[in-house]
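A.B. asks: These are the residues of each chain, in order.
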Amino acid sequence: MMNSISSPHLHGGNRSQKIMLLVIAAAMPGLLTQLYWFGYGTLLNLMWAIVLGLLLEAGVLLLRQRPLGFFLTDGSVIVTALLLALALPPMAPWWLVSTATLFAVVFAKHLYGGLGNNPFNPAMAGYAICLIAFPASMTIWTSPYAYLDLADQWLWFWTEQGQLDAITQATPLDAIKHLQGNTVDEMWAANPDIVAYGDAMFWVNIAYLIGGIAMLLLKLFTWHAPVAMLASLAAMAVLFGAGEPDLYASAGNHLFLGATMLGAFFIITDPVSSATSRQGKLIFGAGIGILIYVIRTWGNYPDAVAFAVLLMNLAAPLIDQYTRPKAYGQQP
Amino acid sequence: MQAASRKLLKDGLWQNNPALVQLLGLCPLLAVTNNVVNALGLGLVTSLVLVAANALVSLTRNRVNSDVRLPTFVMIIAALVTIAELLMQAFTYELYQILGIFIPLIVTNCAILGRAEAYACKNPVAPAILDGLAMGVGFSLVLVLLGAMREILGQGTLFADMHLLFGEAARNWTLTLIGDYRGFLFAILPPGAFIGMGLLIAAKNLADSHIAKRQQDTTTSTKESRRIRVTGTIT
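Going line by line, the protein sequences match chains A and B. Each residue of the first sequence is one higher than the one before, counting from 1 in the working numbering. Each residue of the second sequence is one higher than the one before, counting from 1 in the working numbering.
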């Protein structure tokens, strides 16, 4: 934080298009791992979200009389669609993906003025609205390995016909939340399917971590926000789990279950809706980590990344106000 | 007189609509408009109170000292709301229970106090009543429109439970617009109300800009000012 960040600046030559392409590439390990464990649903989500997202973007751009070619090829819609597809459950039917995409692209992004002006992360806004509107459909997750083949998944995506009971289950975070009198260890011992699910989520999170570190090395973002978020989440888990480790998820569980790594490296690093200065990013990330722990542990929803990110998006302008870096020579 | 009444109507329904332009009474507006019957119920009660309050304030305007006018307005409005509340308990008890706290809260509806202060206490009874009516209908129209939007999106029906307001004959007025609809909970919840309200204001501003464009060559430009918490432009 001691580095001088005042002028003169050297332009890095990164255009939005290039950054977006690199983000998409970095998400590929995560996407493939998710496909490997949870089936083709995410792929169908992704295809439909991209197609619909581009159509909606083109429609809004026409209405707003903005140049089509320039904004459609900047890749931001594809990144939004990708994040949505990764966050939505694999068994999401078409209307769920459509609602999420509609709210992400039209409401969260363009009604606020388009790319660069949106106070909220579009993908998370779309996700949160679906979670509030369709809680039942948003919490159906397939068991690792036990997913439908492509034809059945296709049928389910468009018509919602198919046998679901055999392939869906509670997620580990959900199970830890509803212990029903057991300790965490007893719950793991009694439910081998949840253990298998936890293992799958672990590898998915590792894949996002790898993609995230790659982006960090390419200097697409600084380390401040992700590290602050992961550290504060782990610190909260240690702090509150210390007294009664039997009843709380461990720090490891919090870091490698749910959408933690996806959130830390792909969502809170969004340059538009996060805080700007390095100090600000530290506060922003730490706030998200604390909120994730609070909502996961005492809230009503199984995972909390979307709500935590949206709440801190709301606080980002205030954080920026108080963490404005001093220009060289400026009086304190 | 004719032109003045027309201006009053135009102001209440469109130009200075209490919900869309003045943004007054937003709390009940956003809270109860999850279907048409709630919206219509609250709209009717609010309009009645608004008309009666304007009439009484206008009648007493020469007797009330301007130092104590606000307490007087509040007492008049509170008395009227109490009457409305008792009437609702007598005739539409179920709806009264559904609307709950938002009926007594009409006392604090800024739209009513606003009209008493801005218009009724400076004008004779007849125009004051007309002003109350125009404002009340304007407010109710927005309520019902928002209620209809949210009911269609949220439940896939229109005019459900109208028997709460119109008696048993209205029980089968329900129109099921989308069969086998699983419901869009978001539209029923408060965030849906805010977004719906935003869309209505946007639609009104869009319509206004089209009208302004059409009239551009015929009208001379007037001096405009903007007020805080006002979405339109007051000329």
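Incorrect hints may have been included.
[Said to hold, decoys possible] In silico SDA-like links for lysine to any residue, alpha-carbon gap of 25 Å or less:
id	chain 1	residue 1	chain 2	residue 2
1	B	Lys-213	A	Lys-219
2	B	Lys-7	B	Gly-114
3	B	Lys-204	A	Lys-219
4	B	Lys-204	A	Leu-56
5	A	Lys-219	A	Leu-22
6	B	Lys-213	A	Leu-63
7	B	Lys-204	A	Val-60
Hints are computed from structural coordinates only; laboratory data are not their basis. Since we're looking at a predicted model, the values are computed, not measured.
A.B. asks: Each of the hints needs a verdict: does it hold here or not?
C.D. replies: Here is what the structure says about each hint:
1. Simply put, Lys-213/B and Lys-219/A have alpha-carbon atoms about 49 Å apart, too far for the 25 Å limit, and the pair is violated.
2. Restraint check for Lys-7/B and Gly-114/B: the C-alpha separation of about 18 Å stays at or below 25 Å, so the hint holds.
3. Distance check on the hinted pair: Lys-204/B and Lys-219/A sit about 46 Å apart at the alpha-carbon level, beyond 25 Å; violated.
4. Proposed proximity of Lys-204/B and Leu-56/A is supported: the alpha carbons are some 23 Å apart, at most 25 Å.
5. Note on Lys-219/A and Leu-22/A: the hinted pairing holds, with a Cα-Cα distance of about 11 Å set against a maximum of 25 Å.
6. A threshold of 25 Å between alpha carbons decides the hint, and for Lys-213/B with Leu-63/A the separation of about 17 Å falls inside it, so the pair holds.
7. Between Lys-204/B and Val-60/A, the direct Cα distance comes to roughly 19 Å. Compliance with the 25 Å bound is thereby established for this hinted pair.
Violated hints for the displayed structure, listed by number in ascending order: 1, 3.
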